[in-house]
Amino acid sequence: MTPSLLRPDQPLRLVDTYPPSAPARQAIIRVEDLSIVFDAPSGQVIAVDRVSLAVAQGEFVSIVGPSGCGKSTLLNAMAGLERPFEGQVLIAGEAMRKPRPEIGMVFQQPHLFPWKSVRRNIAHGPRALGKPKAEALRIADDLIEMIGLTGFASAYPHTLSGGMQQRVAIARALANQPRVLLMDEPFGALDAQTRAVMQDNLLELRERINATIVFVTHDIDEAILLSDRVLIMSAGPGRILKDLQVSLPRPRSSAIVAEAAYLALKRDCLDLIRSEGRRAFEQMEIRM
Amino acid sequence: MSVGRRSSASATARLSVLVAVLSVPIFTGVWELVARSGIVNTVLFPPPSTVAVAILEWIRSGQFFADLMASLSRVAAGFAIGAAGGIVLGVLTGRFQLVSSLLSPLFHILRPIPPIAFVPIVILWFGLSETGKLFLVVWGVFFTVWLATHIGVQKVDHGLIRAAQMLGTPQPQMLWEIVLLGALPYITVGLRTAVSISFYTLVAAELAGAFAGIVYRIEIAQQNMQTGQVMGGLAALGLLSFIADRSFATLAERAVWWR
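Protein chains in written order, with full-length UniProt numbering: chain B, 1 to 288; chain S, 1 to 259.
None of these hints come from the bench; they were simulated from the model.
Quantities reported herein were computed from a predicted structural model and do not represent experimental measurements.
Watch out, some of these pointers could steer you wrong.
Dumping the calculated EDC-like pairs for lysine to aspartate or glutamate here, alpha-carbon to alpha-carbon at most 20 Å [said to hold, decoys possible]: (1) K266(B) x E276(B); (2) K266(B) x E207(B); (3) K116(B) x D245(S); (4) K98(B) x E86(B); (5) K116(B) x E253(S); (6) K266(B) x D221(B); (7) K242(B) x D221(B); (8) K133(B) x E253(S); (9) K242(B) x D33(B); (10) K131(B) x E177(S); (11) K116(B) x E57(S); (12) K242(B) x D200(B); (13) K98(B) x E82(B); (14) K242(B) x E276(B); (15) K155(S) x E177(S).
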């Protein structure tokens, strides 16, 4: 019997391809001079403008910015869902041209398959990759336990609340044991209470998986709470303004928002975003 | 006062159920009275009792069962072939722009032509054979199902497709699971419309010349001035397509099992 994905005595390791002797902070994601251009009725729009960044193995990086700043486009390019106009995205040394199963993605909407039960939704990835049914269902059952939805295994998505659906979507993305997990405002559509619970869940989950996580949000609190590093993006065209290290101790919980170190960091972020917002606004006025 | 109002509302509901139950008997009774009153010619407008006798005779002679089977097998085979073709091509044209560019203009030109208009050429091509009748029913069903599937496939939530892509879903599974099931609510609507259409085209097919079938029996009875038999045939056709539509509606609700 293959060992269970979840063992209570041991943290869940979804990435075990790297030997422990490998340098700990090796970059797994490299974005090099990436530009993405869209065709719009009014001409071409630069969504992402010569962005370069690197994310280390095991790191949790958030990308924060106003709506329409190109942060989701940047994430889609990392997922292989968006073709670069210029530059490239390398994950584990390989250029992203199309989606790869070792890169998982959680969208703002759960996008669960409505015709599949929770269990079969989660088992979809392993089945698609050719794993035997029994093994895929075992992986699903372990993940259902991990996201705390035991008892809902055979429920259909429409019978679940928004928060539960999004937990299933996270589990579904984890079922392929991704080296990189991309999350595009995954809690953006949830109410404030559910969002706080989901953030704590994700912090907990993160202690048990070793995937590198890139998390897109427009919520600064969420970004600081969850991340090792916060990238602040400017709008029109999308560029990285600032790269902030979040050296708050872990394990964290949403209680952290009252601490001084946290507040100082948040003030820095807000100042930056405010001045950037003013600049963008003035620029827009000049253009008009 | 609300109690009184509620009881008067339930009295109205009970009355409307009673009226609904009596609807067909009242209609039949009036028909019987009018036909027997001597105002109309009973040869052309026979009373329901004559129609009932004709139907019983039809069943007793054994012809009814043969006619029913002939008609049902034409409808069923034509529906199955037309629906299968419509679904397969609808998924392909809905999903692949190139296939759509190749086929959609052609289909949109052929689709509005009523299948009945093809009767003359079908007789030229296939004579009075079963193939010709099958062709007409398939023709009617195919375009309805194709269009419903094509539209349904294009309306599949793009997020579902992206999610499936991210999970490494291979192309065949993407088409025949994600896209097909995503479009299923639309497809079942198209299939249900196609059930009625298959009966319309059956009429054209059997009037074009057949040797058994419910519509064939209606036509023969008309030639023999057996008006009771004609009406019995119409009643049988109406009942048959009603049952087919209802059972398909039930089936379609189950087909979209996750709702």
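Verification of the supplied hints:
no.: 1; hint: K266(B) x E276(B); verdict: 15 Å, holds
no.: 2; hint: K266(B) x E207(B); verdict: 24 Å, violated
no.: 3; hint: K116(B) x D245(S); verdict: 28 Å, violated
no.: 4; hint: K98(B) x E86(B); verdict: 16 Å, holds
no.: 5; hint: K116(B) x E253(S); verdict: 16 Å, holds
no.: 6; hint: K266(B) x D221(B); verdict: 7 Å, holds
no.: 7; hint: K242(B) x D221(B); verdict: 16 Å, holds
no.: 8; hint: K133(B) x E253(S); verdict: 28 Å, violated
no.: 9; hint: K242(B) x D33(B); verdict: 16 Å, holds
no.: 10; hint: K131(B) x E177(S); verdict: 17 Å, holds
no.: 11; hint: K116(B) x E57(S); verdict: 52 Å, violated
no.: 12; hint: K242(B) x D200(B); verdict: 26 Å, violated
no.: 13; hint: K98(B) x E82(B); verdict: 8 Å, holds
no.: 14; hint: K242(B) x E276(B); verdict: 11 Å, holds
no.: 15; hint: K155(S) x E177(S); verdict: 15 Å, holds
Taken one by one, the earlier hints fail for this structure at numbers 2, 3, 8, 11, 12, listed in ascending order.
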